[in-house]
Amino acid sequence: MSLAELLLELLVMPLVAFVIGLGMVLMMRRIGARLQRRVGPPFFQPLYDIVKLYGKRTQTSHGLVHDIGIVMAVGGYVAAETLLPMPGMNGIAEKGGLITLVYLMMVPSLGMALGVGQCANPNGSIGIGRALTAMLAYDVPFVIVVFGVAFHFGSTNLVSIIELQQAAGIAGWGAVQMPLLAIAGLFALHGMLGKQPFEIYIAPAEIATGPMVEMSGKFMGGLFVMQSFQLYTASALYVTLFLGGGENWLFFIVKCFAVLAIPVSLAFLFPRYRTEDLVRVFWKWPVMIGLIGLAFVMR
Amino acid sequence: MSNEISTELVCPDISQWLCHLLREVDGVTHNNRFERRQRLDVESAALPALLTLLQGKGSFVHLSAISCVDWVKENQFELVYHVWSYEMKVMVSAHIRIPREPGRYLSVYDIYKPAGFFERDIFEMYGIYFEGSPWMEKFILTEWDGPPPMRKEFDSEAWVDEHFDWQDYHPDWLKDLEAQGGGIAIRPEEQRFSRKAKDEC
Amino acid sequence: MSTLKDIPVRYEAEEAPARSNPLANVFDEFMNFCRSRSLFMLHYCTGCGAIELPPAMTSRFDMERLGIQPMVTPRQADILLVTGYVSVKTLKRVILTYEQMASPKYVVGICSCTVNGGMYWQSYATAKKLNDYLPVDVYIAGCMPRPEAVIEGLRKLQANIAAGTSDNWKDYYQRYDHYLANQQRLFGETWQTPTDVIGEAKRYGVIGPETEGEHTRLLGQHKQPLEPLRMTLNAGKLERME
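Chains P, R and V, in that order, are what the protein sequence lines are. With this note's numbering applied, the first sequence covers 1 to 299. With this note's numbering applied, the second sequence covers 1001 to 1201. With this note's numbering applied, the third sequence covers 2001 to 2242.
No lab work stands behind these hints, which were simulated from the structure alone. Among these hints, one or two may not hold up.
Result set (DSBU-like, lysine-lysine): computed pairs, CA atoms no more than 35 Å apart in a straight line [what the hints assert, rightly or not]:
(1) R:1175 to V:2156
(2) V:2089 to P:218
(3) V:2170 to V:2202
(4) R:1152 to V:2089
(5) P:56 to V:2129
(6) P:56 to R:1175
(7) V:2092 to P:218
(8) V:2202 to P:56
(9) P:56 to V:2092
(10) V:2089 to P:56
(11) R:1113 to V:2089
(12) R:1138 to V:2089
(13) V:2202 to V:2092
(14) V:2089 to R:1073
(15) R:1175 to V:2129
(16) V:2170 to R:1175
(17) R:1138 to V:2129
(18) P:218 to V:2170
(19) V:2092 to R:1113
(20) P:218 to V:2202
(21) P:218 to V:2156
(22) R:1152 to V:2129
(23) V:2156 to P:56
(24) R:1152 to V:2092
Given the sequences, and given the hints that come with them, work out the whole structure.
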């Protein structure tokens, strides 16, 4: 792959991810609305939100670190997109690998923590403390799942994982060969997305959206962009590990949306977990299921 | 001290028992006896002793409220102490009169703790100072620097006319609304809401 | 004999520099369109009229299909809904909230109490005319207005935003002296907010001829630095109560 192609792919992959992410935000809001017996927002609503937020004429910044925090939050995901193969574009997935991707997916939370710390709002500090605790909670089953998949397929190269799955048809999919790990992975995915009932770190009416409390205008726009990237990255990673990647664009998009629909549909049905209950739930159920699945895999 | 027992008693027991109890304090008149509400008219010097008696021997441990009535023509404030007994489920209201100048009375905070709150409220709204009450300071009207507003001599409407502006008349707003099909349903002349309309007719 | 004061002074706004980008107008229209289609309302509802907002947001009269969703902090919100009567105590906080919002921001006065005093017109403790203290974009009269009326008022606001006629946030900067005069009439001569409105007006280029005047001249003298709130359990008072 020549340098020009590589650079083009590095540019295009985040853009495509952003567009698909916008569609996922719309799906999330529409599903939530239908569950509440309402009509949801119109089709381009996420785009209008982001354009409006970036079009604010005044803004309140709390310093350089506040700005850098948002850049880190979005930048972490942009870098993660280049390591996540799409149908037809691999980017630098072969050079990077699964472990780097997992590390890069932790960077946005840390970036937001930096930015929120600079804001000096007690609501924000409480929220980001809870967010990092929740990250500690869901990362444990997530790492177990990732290790199990890498062990089963014998490599951490996402491209070869996809090829191995697609070579054997549906019977070769990760979800069919490692069903317990797939279930644990879905649980961890729900926590990673931070959707209800695991959205204690946002807690809109309690701590005024936690980390986002002092974000206005362009900062909030950056966080909305981060949300679209986050939805895409999480579901695309799950599809890559367990559902055979994308043979072509149509199947890839259908699979990504189908995977996302599961946590989003469950999101509006349960009351919120408290932080310590969240940690307990994540360290009990998906870890147990993941470890049993790991035992089967390593047999 | 007169203890007339009227003939139309609904539940004679409570009333008689209360009469008996109240013989221990001077200056109390027992009027208006019903099964659940009894009214006492008390001299202002006798009130603390009466409340202590009611709380201690009389089982009236709950102070429901302290209210105030402004009798402008008689130049007096009337303070009413409503106490409730859980055991007998009877409410007793003790009415006292204090002169309007200088509106001061003593606080019953040491007898009933909730009195601090009610006395603060009455101080803010009527200007009556309760000596010995822990919080004689503003509570609701923190941005207020006028006279105590619940006194009858305070004319709220005149104060408002002096201190606030009214909305400018915008006939184009009404024309916009009428162009869209809306408008006024009841003409202002046919509305009946203020003292002005009553004074005119 | 004419003194200096008698000579009429005409203030002419500086001509905005001609815009070199041929797509500038298109961009502006696109931005106004997006702003009108995505409004975040502040979930801080002042008085009794707030009861009409949950019906407008929930299943029957869904506001999310118009693009309006509630947001919890003033930093994230565009619309400040002043629903119902505004007591003098609340008005202070409403003004502080309004100044924390990011522009362009819109104030909607719901219920008749914001228009001309409404049911509490004789009360000494409520503000009568909201646009003395804040620039108001749309008034929705009623006591309370039905959710259909609220939605119609918000749609009118959206139409105004899309047409570009709804920038009363600039009016706050351009006539700050007038608003501050009215606010100080209610709250006292030394009242001020921690926000540096004049500095912001200068920074964003929306300063006008009436921004600074006799009332704002005294602002710097009374300026007290904003102190952090000391959080205590008020243990002293607890001891006193028992």
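Here is how each hint holds up against the structure:
Between residue 1175 of chain R and residue 2156 of chain V the alpha-carbon distance is near 16 Å, which keeps this suggested pair within the 35 Å criterion. Taking the CA atoms of residue 2089 of chain V and residue 218 of chain P, the gap is about 32 Å. The hint holds against a cut of 35 Å. Restraint check for residue 2170 of chain V and residue 2202 of chain V: the C-alpha separation of about 12 Å stays at or below 35 Å, so the hint holds. A threshold of 35 Å between alpha carbons decides the hint, and for residue 1152 of chain R with residue 2089 of chain V the separation of about 23 Å falls inside it, so the pair holds.
With a C-alpha separation of about 28 Å, the suggested pair residue 56 of chain P and residue 2129 of chain V falls inside the 35 Å cut-off, and the hint holds. Taken as a hint, the residue 56 of chain P and residue 1175 of chain R pair is honoured in the structure, with Cα atoms around 34 Å apart against an allowance of 35 Å. This hinted pair checks out: residue 2092 of chain V and residue 218 of chain P have alpha carbons roughly 28 Å apart, not beyond 35 Å. Of the pairs offered as hints, the one joining residue 2202 of chain V and residue 56 of chain P holds, with about 17 Å between alpha carbons and a cut-off of 35 Å not exceeded.
Restraint check for residue 56 of chain P and residue 2092 of chain V: the C-alpha separation of about 25 Å stays at or below 35 Å, so the hint holds. Of the supplied pair hints, the one linking residue 2089 of chain V and residue 56 of chain P holds, its CA atoms being roughly 30 Å apart against a limit of 35 Å. For the given pair, residue 1113 of chain R sits about 28 Å from residue 2089 of chain V by alpha-carbon distance, which is consistent with the 35 Å threshold. For the hint pairing residue 1138 of chain R with residue 2089 of chain V, the CA-to-CA distance comes to about 12 Å; that is within 35 Å, so the pair holds.
As the CA atoms of residue 2202 of chain V and residue 2092 of chain V are separated by approximately 24 Å, the hinted pair is consistent with the 35 Å bound. Our distance criterion of 35 Å between C-alpha atoms is met by residue 2089 of chain V and residue 1073 of chain R, whose separation comes to about 33 Å. Only pairs whose Cα atoms come within 35 Å are accepted, and residue 1175 of chain R paired with residue 2129 of chain V is accepted, the gap being roughly 21 Å. For the given pair, residue 2170 of chain V sits about 27 Å from residue 1175 of chain R by alpha-carbon distance, which is consistent with the 35 Å threshold.
Pair hint residue 1138 of chain R plus residue 2129 of chain V holds up; C-alpha atoms about 26 Å apart against a cutoff of 35 Å. Taking the CA atoms of residue 218 of chain P and residue 2170 of chain V, the gap is about 20 Å. The hint holds against a cut of 35 Å. For the hint linking residue 2092 of chain V to residue 1113 of chain R, the alpha-carbon distance of about 32 Å falls within 35 Å, and the restraint holds. Under the criterion of a C-alpha separation no larger than 35 Å, the hint pairing residue 218 of chain P with residue 2202 of chain V is consistent with the structure, at around 20 Å.
With a C-alpha separation of about 26 Å, the suggested pairing of residue 218 of chain P with residue 2156 of chain V holds against the 35 Å cut-off. The hinted pair formed by residue 1152 of chain R and residue 2129 of chain V meets the criterion: a straight-line CA distance of about 26 Å does not exceed 35 Å. Between residue 2156 of chain V and residue 56 of chain P the CA atoms are separated by roughly 21 Å; this keeps the pair inside 35 Å, and the hint holds. A distance of roughly 28 Å separates the Cα atoms of residue 1152 of chain R and residue 2092 of chain V; the hinted pair therefore holds under the 35 Å criterion.
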